[in-house]
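Number of protein chains: 2
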Amino acid sequence: METRPYVPWDMMNSFMIDVFKKYGVPEEDAKICADVLLESDRRGIESHGCNRFKPIYLDRIENGTLLPVTKIDILKETPTTVVMDANNGMGMVASHKMMEILIEKAKVYGMAGGAICNSTHYGIAGYWTTMAEKAGMIGISGTNARPSVAPTFGVEPMMGTNPLTFTMPTDEEFPFNFDCATSIVQNGKIEFYERSGKETPANLVITKDGGTMTDSHNILKEMRAGNCALLSIGGAGEETGGYKGYGFTTIVEILSAALCGGPYMKALSGKDENGNNAMYHLGHFFFVINPEFFMGLDTFKATSGGILRDLRNSEKAPGAERIYTAGEKEYLSWCDRKDKGVPVGASIQKELIELRNRFSLDYTFPFE
Amino acid sequence: METRPYVPWDMMNSFMIDVFKKYGVPEEDAKICADVLLESDRRGIESHGCNRFKPIYLDRIENGTLLPVTKIDILKETPTTVVMDANNGMGMVASHKMMEILIEKAKVYGMAGGAICNSTHYGIAGYWTTMAEKAGMIGISGTNARPSVAPTFGVEPMMGTNPLTFTMPTDEEFPFNFDCATSIVQNGKIEFYERSGKETPANLVITKDGGTMTDSHNILKEMRAGNCALLSIGGAGEETGGYKGYGFTTIVEILSAALCGGPYMKALSGKDENGNNAMYHLGHFFFVINPEFFMGLDTFKATSGGILRDLRNSEKAPGAERIYTAGEKEYLSWCDRKDKGVPVGASIQKELIELRNRFSLDYTFPFE
Chain L
1 METRPYVPWD MMNSFMIDVF KKYGVPEEDA KICADVLLES DRRGIESHGC
51 NRFKPIYLDR IENGTLLPVT KIDILKETPT TVVMDANNGM GMVASHKMME
101 ILIEKAKVYG MAGGAICNST HYGIAGYWTT MAEKAGMIGI SGTNARPSVA
151 PTFGVEPMMG TNPLTFTMPT DEEFPFNFDC ATSIVQNGKI EFYERSGKET
201 PANLVITKDG GTMTDSHNIL KEMRAGNCAL LSIGGAGEET GGYKGYGFTT
251 IVEILSAALC GGPYMKALSG KDENGNNAMY HLGHFFFVIN PEFFMGLDTF
301 KATSGGILRD LRNSEKAPGA ERIYTAGEKE YLSWCDRKDK GVPVGASIQK
351 ELIELRNRFS LDYTFPFE
Chain D
1 METRPYVPWD MMNSFMIDVF KKYGVPEEDA KICADVLLES DRRGIESHGC
51 NRFKPIYLDR IENGTLLPVT KIDILKETPT TVVMDANNGM GMVASHKMME
101 ILIEKAKVYG MAGGAICNST HYGIAGYWTT MAEKAGMIGI SGTNARPSVA
151 PTFGVEPMMG TNPLTFTMPT DEEFPFNFDC ATSIVQNGKI EFYERSGKET
201 PANLVITKDG GTMTDSHNIL KEMRAGNCAL LSIGGAGEET GGYKGYGFTT
251 IVEILSAALC GGPYMKALSG KDENGNNAMY HLGHFFFVIN PEFFMGLDTF
301 KATSGGILRD LRNSEKAPGA ERIYTAGEKE YLSWCDRKDK GVPVGASIQK
351 ELIELRNRFS LDYTFPFE
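Note that the protein sequences, when read in sequence, are chains L and D.
Residue 1 is where the first sequence starts when you use the working numbering, and the numbers rise one by one after that.
Residue 1 is where the second sequence starts when you use the working numbering, and the numbers rise one by one after that.
The set of hints was computed from the structure by calculation and includes no laboratory data.
Treat the hints with care, as some may be off.
Since copy identity is lost for identical chains, a pair holds within one copy or between any two.
[To be verified] SDA-like mimics (lysine to any residue), calculated; alpha carbons at most 25 Å apart, straight line:
1) 189 with 237
2) 107 with 79
3) 71 with 277
4) 316 with 209
5) 301 with 73
6) 107 with 75
7) 134 with 78
8) 107 with 305
The whole structure should be built from the sequences, with the hints applied where relevant.
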């Protein structure tokens, strides 16, 4: 059972918008950013929700590595494609603009693709692919990130945790929504293990000597020092398919940089050669596919829904209560939270109060 | 070192074409099919090469589950998309036609997508994505297959081994070519372990009681009886990312059936309700993305090549000789084999001689 206090969705949303505005984010952009972050909380993906409001967005605006006003340059546009330069502004604002354009293109042409360079953290990848799904289309997206994942037979953090995300319409209450890193875990999960006082399972992390670590606190420390790396799905070596996960991580690394002509891997560390904070220069990619240009949306939905129902109804392992399909847990999270609000732990409560006081905003939180 | 005798590429190619023709495959189609199978041998992917010539193609033509003449119906066509019905003909012939059309569309529109229903085994997925890459484009493809993979927390073989394949141009001698099943291994690998007298590593297969098996011979027997299932990359449960591999397998299952409106999962067993041989009704999907509609092919190639070189040059695990990138081993296989020919083991030698004798063809193999 959830023991953290809840903040109503409306209150948290308008609070985040007000604070973003105080940091110089234009109101329309602030609305987008707040919605992206809260969508993560709605889905129960707490690694990318209001916990990141201050450290990943506000603090970066403050230290100059994220510009609150997003100047978007269109570098190239064709009937089916767009390439944007986000000029180190809000990645979420550029991505929102991108998806609006691609959905319109895919209505006319059936297929559309886009890439953004010089961007910043774009929130959950699944927000963008869900925009396509809400328009009755398939959304695909991925992004690079600072280097933390080693290739198969390597030990050096080279690639980002690089999500490869697909959202697809179904005839059910919720879509097929596959939104996760191509590494076994991302940093946020290890932070979660640390906060919970738990060890990280073996073989998720590789050390310089080719071994693994399980002490969550030490992993985070050694990760920051570049002394260990995350592994892609399948783990180290080839026997359990580690080269396949490594392949998926590489696909995202290539598509995120090569379509927009942006930098990659070590150039995305967020540090300059002297170790000072630097712009992130992230790259993202987006594809939209319109089933109406194939055998139609209704056919698509009936088929995808049928597959997902058959999977859930298939024979369970002894002791397993339930077989889920991708996006189902996120939907269940929303069902649980929609009337309650956002659960907010102690450290986030403290951040919210400090921000409210700093800007003398007129909010009284339920946990006060 | 390779100890099997080699058959020259030209001889094997013309032999396969001659035999396909004897089975009723039109000459132009036979050329395509022979090239697809031999491309697998060129790349060292021996699970999908001339070892499959007889059991997966000729025997199926003979038992009536694969029609040698491929009647293709275009169910839908738009400027960027095509849906085909392959009418249980040669999947490789329909896929070749599909890629020719999509590449032309992507030259004009930048993006193209296609789906095929009522198809049969289409060989290595990477053959189709490489057609796009040879045209300077990104190729993406996948296919469903008979049910053998269990979902996370499940034990029942529901989905195919479902490859999700990407081939992308680089500025190197060979492309980025990621061509593999989304299960940890496919049946061919377990057959390989069996032939080599080796155990299958633990946790690649799940039994009805939620355990695993390692006896390769027993695994194959129990797989045929539906008593065990393969696992997607990441393995059983959620702790090591098994739900991520399961997600990728599901993506391929959905895209293979939902875009073309074809059947899925248990309906792809190749058996009717009485256990008799039936048509496979496989579905495939294909996407082609033209980098000239983004920041240009040269930019794309320089970036992808740069990423791959940096990965190979990164710090190796102690004892690791080399870091590979996807497609590199396939290229090295071709470099090794191009002047030697196809290595052919004892069971394939026997099949070739029997076919030669049966049709009184004028070939003398080097191993005779």
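Cross-check of the supplied hints:
Taking CA atoms no more than 25 Å apart as the test, residue 189 paired with residue 237 passes in both settings, with 22 Å inside one copy and 16 Å between copies. Taking the shortest Cα distances, residue 107 and residue 79 sit within 25 Å of each other both inside one copy (11 Å) and across copies (13 Å). With identical chains, the CA atoms of residue 71 and residue 277 are at most 25 Å apart within one copy only, with a shortest distance of 21 Å there and 61 Å across copies. For a Cα distance limit of 25 Å, the shortest separation of residue 316 from residue 209 across copies, 9 Å, qualifies, whereas the shortest one inside one copy, 39 Å, does not.
Only between protomers do residue 301 and residue 73 lie at most 25 Å apart by alpha-carbon distance; the minimum there is 23 Å, versus 36 Å within a single protomer. With identical chains, the CA atoms of residue 107 and residue 75 are at most 25 Å apart both within one copy (22 Å) and between copies (20 Å). For the identical chains of this complex, residue 134 and residue 78 are neighbours both inside a copy (24 Å) and across copies (23 Å), given an alpha-carbon limit of 25 Å. For a Cα distance limit of 25 Å, the shortest separation of residue 107 from residue 305 inside one copy, 23 Å, qualifies, whereas the shortest one across copies, 34 Å, does not.
Taken one by one, the earlier hints all hold for this structure without exception.
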